[in-house]
Amino acid sequence: MTVARARTLAAVAAVALLPAVVTDKYHLHLLVLAGLFALMALGLDLVLGYLGELSLGHAAFFGIGAYATALLTRHFGTPFPLDLVLACSITGLFGFLIGYPSLRLTGPYFAIVTFGFAEILRLVALNWVSVTRGPMGLPDIPPARLFGFVFATERHYFYLVAALVGLAIVVTRSLVASRMGHAFLGIRENEELATAVGIHAYRYKLIGFAAGMVMTGAAGSIYARYVHFVDPTALGFFYTSTVIAMVIVGGQGSVRGTLVGALLFTLLPEYLRMAEQYRLPAFGVLIVVAIIFMPEGINGLLDRLTARRRASHAAA
Amino acid sequence: MVFAQQVLNGATIGVMYALAAIGLTLTFGILRVINFAHGEFYMLGAFLSYTVLTLADVGYVQALALAVLVACAVGLVAERVTVRPLRARHHFTVVLSTLGLSIFLQNGALAVWGPDPREITLPWDGPVLVGGLVLSRMRLLALVTGMVLIVGLTLFIRHTRVGMAMRAVARNPDAAALMGVNVPRIYAFTFSVGAGLAAVSGGLLGAIFTIEPTMGEWAVIKAFSVVIMGGLGNVPGAVAGGLLLGIAESLSVGYLPHGVGYRDGIGYAMIILVLLLRPQGLFGRRV
Chain D
1 MTVARARTLA AVAAVALLPA VVTDKYHLHL LVLAGLFALM ALGLDLVLGY LGELSLGHAA
61 FFGIGAYATA LLTRHFGTPF PLDLVLACSI TGLFGFLIGY PSLRLTGPYF AIVTFGFAEI
121 LRLVALNWVS VTRGPMGLPD IPPARLFGFV FATERHYFYL VAALVGLAIV VTRSLVASRM
181 GHAFLGIREN EELATAVGIH AYRYKLIGFA AGMVMTGAAG SIYARYVHFV DPTALGFFYT
241 STVIAMVIVG GQGSVRGTLV GALLFTLLPE YLRMAEQYRL PAFGVLIVVA IIFMPEGING
301 LLDRLTARRR ASHAAA
Chain G
317 MVFAQQVLNG ATIGVMYALA AIGLTLTFGI LRVINFAHGE FYMLGAFLSY TVLTLADVGY
377 VQALALAVLV ACAVGLVAER VTVRPLRARH HFTVVLSTLG LSIFLQNGAL AVWGPDPREI
437 TLPWDGPVLV GGLVLSRMRL LALVTGMVLI VGLTLFIRHT RVGMAMRAVA RNPDAAALMG
497 VNVPRIYAFT FSVGAGLAAV SGGLLGAIFT IEPTMGEWAV IKAFSVVIMG GLGNVPGAVA
557 GGLLLGIAES LSVGYLPHGV GYRDGIGYAM IILVLLLRPQ GLFGRRV
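For the protein sequence lines, the chains are D and G, in the order given. Residue 210 in our numbering sits at position 210 of the first sequence, with consecutive numbering throughout. Just add 316 to wherever you are in the second sequence, counting from 1, and you've got our numbering.
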């Protein structure tokens with residue numbers, strides 16, 4: 001067995017056994033949230049870390065997934081996991097529709113357009129009261145059910161979310177390792193050069209973007225099933241900036257970094273609750289500090305530390 | 317008659333949008349930085365005016381002036397801490413840094429002032445008739461102040477040495493440096509002026525509408541809409557764009573069903589349309 005495979009097995013075992021160690025509902029709830037954020041963050045990292053584009057509309061896709069599940073279950077009684085698949089598809093479709101015009105632009109223009117689209121969607125959710133019930137939101141979303149088993153407790157959702165995160169990791173890793181993934185990296189590093197070499201940048205960006213949004217939609221769908229309620233705040237910029245912070249501080253373009261970021265930014269605010277009003281401004285400071293001193297995020301820091309240890313071992 | 321009234325209202329708000337947008341467009345044109353924290357300076361203008369008015373026994377104009385000075389100072393510090401260290405890096409690193417700054421300022425304001433909306437009430441406010449149309453005194457003050465500032469700024473940029481230095485840096489920072497321009501100082505100055513303009517806009521609009529700590533988020537998108545419509549770095553474009561947005565919003569509220577709920581969406585829709593059809597803006601040069 002290779003080192004990598006052993007590590008993966010260890011990680012899976014650790015996750016599977018975690019609820020045996022962490023038994024109180026509160027912490028399990030945090031882990032579920034961290035998992036959902038991790039899904040969102042992995043979706044964003046695909047766009048930000050691997051494609052090199054800053055999307056400021058991320059929360060909208062989370063919201064689309066959540067509203068899709070909410071509406072499907074309330075109006076059609078759609079069973080799990082069909083609603084999950086449909087929500088992912090719908091979100092992916094929106095990703096394609098929004099990406100189609102937006103990805104012609106780059107950099108700050110792309111960022112602003114995606115923000116605009118997201119805010120329009122939020123306004124629609126807020127004002128199209130006949131469908132979304134506006135600010136009152138959609139309540140009574142039934143929990144997920146599979147072959148008679150009802151996902152009722154935090155522990156159940158922890159395993160469900162962990163499985164989805166695992167799936168997302170596998171998908172991301174295979175995507176990045178594939179030819180398409182290499183094209184992504186080429187586009188990120190130097191789009192003009194990549195295009196000159198024959199890489200159809202726009203097409204790959206669109207695929208990558210839609211793929212990332214599918215993951216994000218999944219997070220939204222499970223979120224709806226977990227909290228049983230969806231309202232327009234799910235499409236708010238707060239979620240977008242939180243996920244961006246997770247990816248940047250954790251380490252963009254890296255699965256491990258993104259996961260670390262997701263965990264950190266879900267758990268940290270809870271533990272900083274005593275600082276209450278100052279934790280959010282502290283977030284902002286953290287982002288600036290991280291960008292200036294840790295451009296590769298925590299992941300980059302870890303890499304540098306392990307490289308140094310390896311080097312000193314080799315020298316000894 | 318109603319139409320003309322709507323246009324006047326829209327134009328007044330539009331001038332405020334233009335003020336905020338000019339600051340943003342200058343920052344982009346000269347520093348090549350998209351300042352996502354721009355809205356927070358707008359918010360600071362409003363809140364600092366409010367605070368000075370409630371704490372000290374001064375008039376509104378003095379309070380506003382003080383607020384703007386403080387905002388300029390904050391802008392100077394912000395440029396030094398969040399923008400300058402990242403000059404050499406990839407452009408969106410700076411953008412993310414300003415995003416972090418924005419989160420800090422917005423939530424800092426929430427921590428200091430709390431989330432409840434406030435109002436700046438002015439005892440001398442009241443309606444005024446301008447050629448058959450009605451304006452509140454405050455709106456009239458805002459309109460006049462805005463126009464004076466815009467004209468003043470345009471003259472400043474066109475006829476002073478500092479203004480010429482700014483234009484030179486916008487054109488070509490290296491050549492400007494070779495000509496003896498202190499480029500980092502121009503960067504700091506521009507950023508600070510941008511913050512100040514946003515603060516004026518915030519302080520004026522804040523006295524017309526209610527204020528709350530997240531108003532910056534709303535304002536920065538308006539400013540961006542205008543800047544994109546006018547073309548990044550284009551000051552007259554920002555003025556035209558501001559008026560256009562203000563009037564379009566006002567008319568949509570007046571004439572479209574559900575106009576009020578979707579009013580802010582007009583700005584977003586315009587951004588999207590312009591970026592997709594004419595990304596250099598209505599008045600800009602080829603992107």
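Bear in mind the hints are in silico, worked out from the structure with no lab data behind them. The beta carbon of each residue, even a glycine, is placed where N, CA and C say it ideally should be. It is possible that some hints are incorrect.
[What the hints assert, rightly or not] Simulated restraints on C-beta separations:
1. G/Leu438 <-> D/Ala163: 57 to 63 Å
2. D/Phe238 <-> G/Arg477: 25 to 31 Å
3. G/Ala372 <-> D/Arg74: 52 to 58 Å
4. D/Val85 <-> G/Asn488: 27 to 33 Å
Hint-by-hint comparison with the structure:
Roughly 60 Å separates the CB atoms of G/Leu438 and D/Ala163, a value that falls within the hinted 57 to 63 Å. Between D/Phe238 and G/Arg477 the Cβ separation comes to about 45 Å, which falls outside the hinted range of 25 to 31 Å. For the pair G/Ala372 and D/Arg74, the supplied restraint of 52 to 58 Å holds, since their beta-carbon distance comes to about 55 Å. At about 54 Å, the beta-carbon gap between D/Val85 and G/Asn488 misses the expected band of 27 to 33 Å.
Hint compliance for this structure: hints 2, 4 are not met, and every other hint is.
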